[in-house]
Amino acid sequence: MSNKRTLTEEEKNAILDETNLENKRVEIKEEDVELTTKEKIRIIFVLIMYFAIPTGIFAFSAHKMHFNTIIGGILGFVFAIVIGWALKLHKPVDL
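Following UniProt numbering, the numbering of the sequence shown begins with 1 at its first residue and continues without gaps.
Among these hints, one or two may not hold up.
Said to hold, decoys possible - Distance ranges between label pairs, derived from CB positions:
(1) K38 to G72: 24 to 34 Å
(2) I43 to T8: 52 to 62 Å
(3) T6 to L35: 51 to 61 Å
(4) L47 to E10: 51 to 61 Å
Worth flagging that the hints you see were computed from the coordinates, not collected in a lab. In this text, all values refer to a predicted model and were calculated from it rather than measured experimentally. Beta carbons: idealized from backbone N, C-alpha and C, even for Gly.
Please work from the sequences and hints to get the whole structure.
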């Protein structure tokens with residue numbers, strides 16, 4: 001005894017719709033995309049943050065450093081954190 005049955009019209013249409021949707025999915029093409037001003041500012045401040053953190057650590061750990069260098073390292077670190085927070089860089093990226 002076989003358990004085969006024929007598909008109804010609704011089931012056939014549902015399967016066709018599903019395959020059509022899969023076929024319509026478009027591959028993302030790599031293109032040269034111009035960055036907006038806001039994105040450029042974000043990139044600059046991310047770089048500042050990456051350079052300011054080691055600078056601050058170095059300024060704290062180094063002996064015989066000038067006082068201005070230590071203050072500059074701390075201010076650079078704080079500046080980068082504040083700007084990063086203002087631009088919401090701590091927010092996870094939505095893919």
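These are the hints, each one checked on the structure:
1. K38 to G72: 24 to 34 Å: Since the Cβ atoms of K38 and G72 sit about 27 Å apart, the hinted range of 24 to 34 Å holds.
2. I43 to T8: 52 to 62 Å: At 55 Å between Cβs, range holds.
3. T6 to L35: 51 to 61 Å: The hint (51 to 61 Å, Cβ to Cβ) holds, given that T6 and L35 are roughly 56 Å apart.
4. L47 to E10: 51 to 61 Å: holds, 57 Å
In this structure, every one of the numbered hints holds.
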